[in-house]
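Asks: We have chain A; now place chain B onto it with these hints.
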Amino acid sequence: MDGSGRLPVFRWIHHVTALPSNPATRDATRLGRPKSVSARVLRERIIVGTLAVAACFSILVTTTIIVVLARETWGFFQFDEVSVGEFFGSIEWNPLLGAEKHFGIWPLVSGTLLVTAIAASFALPIGLISAIYLSEYASSTVRATLKPALEILAGVPTVVYGFFALTVITPLLSKLSPAFGNYNAMSAGIATGIMILPIVCSMSEDALRAVPRSLRDGAFALGGTRFDVSVKVVVPAALSGIVAAFLLAISRAVGETMIVALAAGGIAQITANPSAEVQTMTAYMVQIFLGDAPAFGVEYKSSYAVAATLFVMTFVLTMIGQYILRRFREEYD
Amino acid sequence: MSAPRSAAGRLLANRAFLVTCLLATNVAMLVLAVLLISIFWQGWDTLSWKFITSFASRKPSEAGILAPLMGSVWVCSICGLVALPLGVGTAVFLEEFARKSRFTRIVQTNIMNLAGVPSIVYGILGLTAFARMFGALGTNVDEAITLGNEESLLFLRLPFGSSVLAGGLTLMLVILPVVIISTQEALRAVPGSLRSGAFALGATRWQTVWGITLPAAIPGIMTGAILSMSRAIGESAPLLVLGGLLLVFNTPENLMSDFAILPLQIYNWAGRPQDDFHAIAASAIIVQLAVLLLFNGVAVFIRQKLQKPLQ
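Those sequence lines, one after another, are chains A and B.
Going by this note's numbering, the first sequence opens with residue 1, and the numbers climb by one from there.
Going by this note's numbering, the second sequence opens with residue 334, and the numbers climb by one from there.
Extracted from the complex, chain A is given alone in its bound form (with noise of 0.2 Å):
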């Protein structure tokens, strides 16, 4: 009993009611706000709980992929035609032809390494010196035109890029030189090259806009003219984002597979010709996940293999990357 001589249920039937009839609970009621701080804290906690599960989803992928790959490659070398040593000594690569099958991942890494180099040896230059024109020299005209120009480059399928070297790119370089063929190396490095020729251009240029002005403000105040700015000043300060760029760029091509499957061919061989027929790993897998051979076989199981060599590759770049950007980020700020 308290001072209003009321039972406690009808003082609790009375604020029940009576909540809606006042202004500003009844606002919070609209809301959905929880009244007591105790309720509040608790919806805030399962929200955190939900979008703590929500991020660790992302460590759940990592785990499995790393899991799957693992398992599956341990399977493979299980099988009696096939040893560790084989796979990384050898440097014969037929799991489909020929009556003694060789398993050696040579031949997929080098035709792999052949159109990757390819594919950076004109975009990382390209996309640097477009980077630093569009942060440097150009004027907000060209740049709101140039953007989105790149932007729609990085946004084309990467199919579309294989049609494009196997119709356009391959006819052209057989009409240069006879050497190259239907299918080749340098089509298919020529294509992936424009693939990653965005990437390496935003994300320089991303790197090259975060050089605060004071630094060129220096250089213009000491004589500079604007290349000497640009290229002794403004590209060294952002250096570490650059590196980081062009080995994300990397490892997009290494990944790269439509547009190998389509245009670089399907002889798995060592060789530094760019007018070659390669395999690479990424179209290696295609072959075997498009039905070339029976599932659950040493075959199919190699794919998994190719695909762990991939993921170990893909992962310690961008690994080197991530370390570089944060051991020799400059921080001006």
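Some clues are possibly wrong.
Example chain B residues on the side facing chain A (calculated, C-beta under 10 Å, incomplete) [as the list claims (entries may be wrong)]:
1) Met362
2) Ala424
3) Ile453
4) Leu458
5) Ala603
6) Pro606
7) Gln607
8) Asn629
9) Val631
10) Ile635
To spell it out: a stretch of chain A is covered by chain B in this simulated footprint if at least three of its residues, at any positions, have a beta carbon under 8 Å from a beta carbon of chain B; those stretches are [unchecked claim]:
11) 74-84
12) 163-175
The set of hints was computed from the structure by calculation and includes no laboratory data.
A virtual CB, placed ideally from N, CA and C, is assigned to each residue, including glycine.
Replies: Frame of chain A, contents of chain B only:
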């Protein structure tokens, strides 16, 4: 130093570099122009309303892209419905709730790594985790557990097999890191003073996020979401691993339907030697690029019209 010392030499270097810059930048524009022109040149004649509304065929003159087009719509819708809440939730947790700790640093590094994983590897993950469910439920389709009526939209079969649902979830894995990273960037761009103001009025963290930070970051989040969806539309390698090149003669009816997608149909036609198939591949590319341009256009529109300066 190798730089020329005289003023004239330095000005010459400056001029030469500008020319190089213009050349390099024009390479990108030139490539884009050649790409578009060559594709329109090859594919414009065979593009028609009939092409868009008919099913696959062995004859290039009768083939159409209705099934792959609808397959793409289904797969990308599922992908977006799962990836966007999950990705935005993760980003909100990392940016607004989590304290800087060992755990958040690991999650952050992990997301960066996931963004660099080749999409074909996600295909293998999707094949194992969604299509086969790790082999835990048997590998034979006849042994599959079914839930619900086969006629209904929500019919489920475990494991999923190479169904629309498995495809959408696999694509979700591919774009999830992209969604997370772009949302984080959008949230970071919201000035801290807005949050401080909300806290000063007694709002809890979640009230601040829901009422202040998210609305302010919505244009950035939507731009990122649209760009990641346009990535999902063009992605084909993971779904090739998941289901191969299926010749599908009907549009998906429920989550367990077989599906074809537009980029894989393009791959299928582009890989054939006959020019007729190359022509219809180019027509399908035109449709694909039109969808893509629409998405990019909406993203640019949102960025320019909705993004109000907050400082």
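Asks: For each hint, tell me whether it holds in the structure or not.
Replies: Quick rundown of the hints versus the structure:
no., hint, result
1, Met362, "holds (6 Å)"
2, Ala424, "holds (9 Å)"
3, Ile453, "holds (5 Å)"
4, Leu458, "holds (5 Å)"
5, Ala603, "holds (4 Å)"
6, Pro606, "holds (9 Å)"
7, Gln607, "violated (12 Å)"
8, Asn629, "holds (6 Å)"
9, Val631, "violated (12 Å)"
10, Ile635, "violated (13 Å)"
11, 74-84, "violated (count 0)"
12, 163-175, "holds (count 5)"
Hints 7, 9, 10 and 11 from the earlier list are contradicted by this structure; the remaining hints agree with it.
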